[in-house]
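If you want the building blocks of each chain, they are given just below.
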Amino acid sequence: MKPFLLFIKRKPILILLLALPLAYLAEFLHWGPIWVFAFSALAVIPLAALIGEGTETLAAHTNPRIGGLLNATLGNAAELIIAIVAIREGLLELVKASITGSILGNLLLVMGMSMLVGGVRHGIQSFDRRQASRNAVLLVLAVITLLIPSIFSGYIGNPESIRVEALSIGTALVMIILYGLALLYSFKYEGAPLSHKSVEEIVHKPAWSVRKAIIILALATAGVVLASELLVQAVEPVMAGLGISEFFIGIIFIPLIGNVAEHLVAVKVAANNQMDLSVEIAVSSSLQIALFVAPVLVFISLIFGNPMQLIFNPLELIALTAGVLITAFVSEDGESNWLEGAELLTIYIILALGFFLID
Amino acid sequence: MKPFLLFIKRKPILILLLALPLAYLAEFLHWGPIWVFAFSALAVIPLAALIGEGTETLAAHTNPRIGGLLNATLGNAAELIIAIVAIREGLLELVKASITGSILGNLLLVMGMSMLVGGVRHGIQSFDRRQASRNAVLLVLAVITLLIPSIFSGYIGNPESIRVEALSIGTALVMIILYGLALLYSFKYEGAPLSHKSVEEIVHKPAWSVRKAIIILALATAGVVLASELLVQAVEPVMAGLGISEFFIGIIFIPLIGNVAEHLVAVKVAANNQMDLSVEIAVSSSLQIALFVAPVLVFISLIFGNPMQLIFNPLELIALTAGVLITAFVSEDGESNWLEGAELLTIYIILALGFFLID
Amino acid sequence: MKPFLLFIKRKPILILLLALPLAYLAEFLHWGPIWVFAFSALAVIPLAALIGEGTETLAAHTNPRIGGLLNATLGNAAELIIAIVAIREGLLELVKASITGSILGNLLLVMGMSMLVGGVRHGIQSFDRRQASRNAVLLVLAVITLLIPSIFSGYIGNPESIRVEALSIGTALVMIILYGLALLYSFKYEGAPLSHKSVEEIVHKPAWSVRKAIIILALATAGVVLASELLVQAVEPVMAGLGISEFFIGIIFIPLIGNVAEHLVAVKVAANNQMDLSVEIAVSSSLQIALFVAPVLVFISLIFGNPMQLIFNPLELIALTAGVLITAFVSEDGESNWLEGAELLTIYIILALGFFLID
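Residue numbers (the working numbering), protein chains in the order written: chain A, 1 to 359; chain B, 1 to 359; chain C, 1 to 359.
None of these hints come from the bench; they were simulated from the model.
Heads up, a few of these hints could be off.
Pairs count within a copy or across copies, as identical chains cannot be separated in the list.
Computed cross-link-like contacts, SDA-like style, restricted to lysine to any residue with a CA-CA straight-line distance of at most 25 Å [said to hold, decoys possible]:
#1 188 / 124
#2 9 / 359
#3 188 / 120
#4 188 / 334
#5 188 / 25
#6 188 / 123
#7 188 / 127
All figures in this text were calculated on a predicted structure; none of them were measured in a lab.
Given only the sequences and the hints, what does the whole structure look like? Please build it.
Quick look at the structure:
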């Protein structure tokens, strides 16, 4: 018990791990779906944080290439697991909304908050202009690759047709290949879009051994699976009960709980005037969701027999386009200030309001 | 009489003040709505110029912060008054068209003409790259904040529903807060988006005392109110009589008469190779319309019981997006030449033709 | 016979000239439309190359201004001829698809391949940032000028109405004037969007005399006319027979055969690390298609009594917007690498897949 308490003391966020048993208690004692939903959502926060830290630790212990690969694939493991569970349950619209929300949350909420907090403390902050410009290009590309199948599908046939499915699968394949190429590029050149700078290395030294990191990773992953099961089952009754749309849950709420820990790191790093790293955390996470998680989910959905096409809703497409364009323009000059942070947050707030008001 | 004549001599534009009594004469002698419309429109030109000069003079006499605040709120007073009168009459589509047109007119017509004239005289002209880039970001943001409620509304419900109204009011509130933050930012940093550089100070010294400026401001404001009354009442019969659409009047014509004086100053300044100032006049006026005048009108419309939502027509949205994107790309390199001026004017001409041809 | 064989040896592509008689043989011996189509398409490749080389040679023999003018008008002569023949046959949608495809092919396929090949060989390659930025602006402008009539037309009336026709003709006129101004500008300033750098001068010396160049130009032009006749007549039976859409033929296939030679030159030049020239070939060809060929075809279509409006299909507009935006962001920093090449190709492949899957 004592090491656990010490652990909690070092990372107060881990107190939230208690929400996992509470969620199961709520389920078995029939406290109602809202309690199940709330506790399982809370439980995801520390578990996602542990997965993140485990991945970083493993990455820090291996060579940069394997480290980069680990981060590039496991960096959004919690979101991936929640999405897989939701696909199994056939909640495809929720999954696509959470993909959208994850990209928007990283670009607008995390980056906006980082620039706001960092800018208030340090005035004008700068980051690598060339890298920012390359990232902006990849972001624009990522949104275009999601836009094309979404819009073309309507002209090709109904969503179940083999041609629409072929477009989705083909696009997903090309996206994964491009993500692989971007990773390969990052191994060769510093400052490339996905090159790995370990947060662990910079923020603090790795505290865990490889063995410990693997055990924690495995346990936390199992925990996220357990929490996701309850979370996903409770989603529909909660939406019906509270009158909230699938959009709001998917776009605003789920990405939030899957990323809280990462968000805090990005803001903390910005407050320490390491804007380069802060921007990279937000942007590379977005790129990973768009160019890796989304297409991987297309293939995983085939396995579960609930094929998910890359067909996003018009509002999701507009939100993504708006979010990426404003990020591209904000980050292109390699400088940020608190006003730019406030600008990104403004777009996030208006989008959140819009999605909240949809019936 | 003599001082008035001297005044006219110094500023020939003021001869147009005679159009105001002529407009009332046309109204009372029933010369027909076209004459009323024409004279009241002509009368707005010198009155708007006087309001602009009065504001500038007051700003020059006070400290930069209050000066900045005066300009940021009264800079488009003539447009604001016309819009308020039109809202009272329930001409909401006309008001939204004139908001669109005011932004487009400043970005495409004024900036295009300035770059064309300045470029023909001076070859390649340069302006502050960093400030241009920050302004571009705010412009993109402003358009996105208008796009989101316009497009989301269609998915939320019919325009009169409480949810659509909530989205409009919420967005308007966030926009005004952001405008306030941008203003605050401009007080602290040189070269910020809305920082005040007095045209008066640069072009010529303030000719009026504070007292005189306030009197002229009050009289000119009253004059604009009087002219707007006639103008707005004559709009509908004129559209019907000439077969021109509300779009053309709102997007092309009204912004033109409200900004002639400002346009002339911007072009003159560009011809004097002060491109920095010229670009700033056009851009800050656009930002003010989008982030301040538009949301303020949403609240004013509530007072008059004619609630105006931030729901713009698809064509207005496309025109705004096109105008802002081309401006962002043109201004981002901090350089201009006559070809870029011609490019902006090209877009303006094609848009004007398009709006003219709509029935 | 001997000089012809020597000629073939120097330029192996010319062996494809034999496809022209084969196409006529296929037509007269009724081998079926697919053979006619395939042979006439093959024949266009060397003929387009000869027109290109003839134009370059003439340009190299005259002064830079006339050379620039020759390139700016004859640079896409093969595409222009095919389009004119197709307009005469009333295949207006095919013509508009091939305009779209020509722009996309240059920006995404040619530029992507050039950056990929050049980047693999030379790492990061750089080109003139200012010129790239000016070209990006013109590209964005070109797409906007195609977007506005396309979208406004739907609100103005049905495609045959006089108002829609007026918008098309007016827009076409303004585009040609702007193209003329851009050309004029390029005569005065180095590094301007359309300034002429002869590929001939840089890659190798002109091999032909003026007289020989004119004869070859005339013969190759006649050859393209003959090949186009067969090609265009075979298009419809081929589409029906193979179940391919007009989109795929127009957007992917026709621009490919009209540009193979030019494509090879651009890639070769990039492989020689002359990225400036390579980017310019791709971009100036796109600009020429959008701002010169497209509006000229509007006027030519009037002569044939088959008026073609500048109304593009929504998918074409999305493809153009996506292609130009990604190109603008990729080229704006004045640097390229193989990853950026792969990014452009990714968009091209996904678009090609989408157009292929449309029924």
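Each hint, compared with the structure:
1. 188 / 124: between (31 Å within a copy, 12 Å between copies)
2. 9 / 359: neither (42 Å within a copy, 63 Å between copies)
3. 188 / 120: between (36 Å within a copy, 12 Å between copies)
4. 188 / 334: For residue 188 and residue 334, the Cα distance is within 25 Å both inside one copy (22 Å) and across copies (20 Å).
5. 188 / 25: Neither way: residue 188 and residue 25 sit 50 Å apart in one copy and 54 Å across, limit 25 Å.
6. 188 / 123: between (34 Å within a copy, 10 Å between copies)
7. 188 / 127: Both: 21 Å inside a copy, 22 Å across copies.
Hints 2 and 5, counting from the list given before, are not met by this structure.
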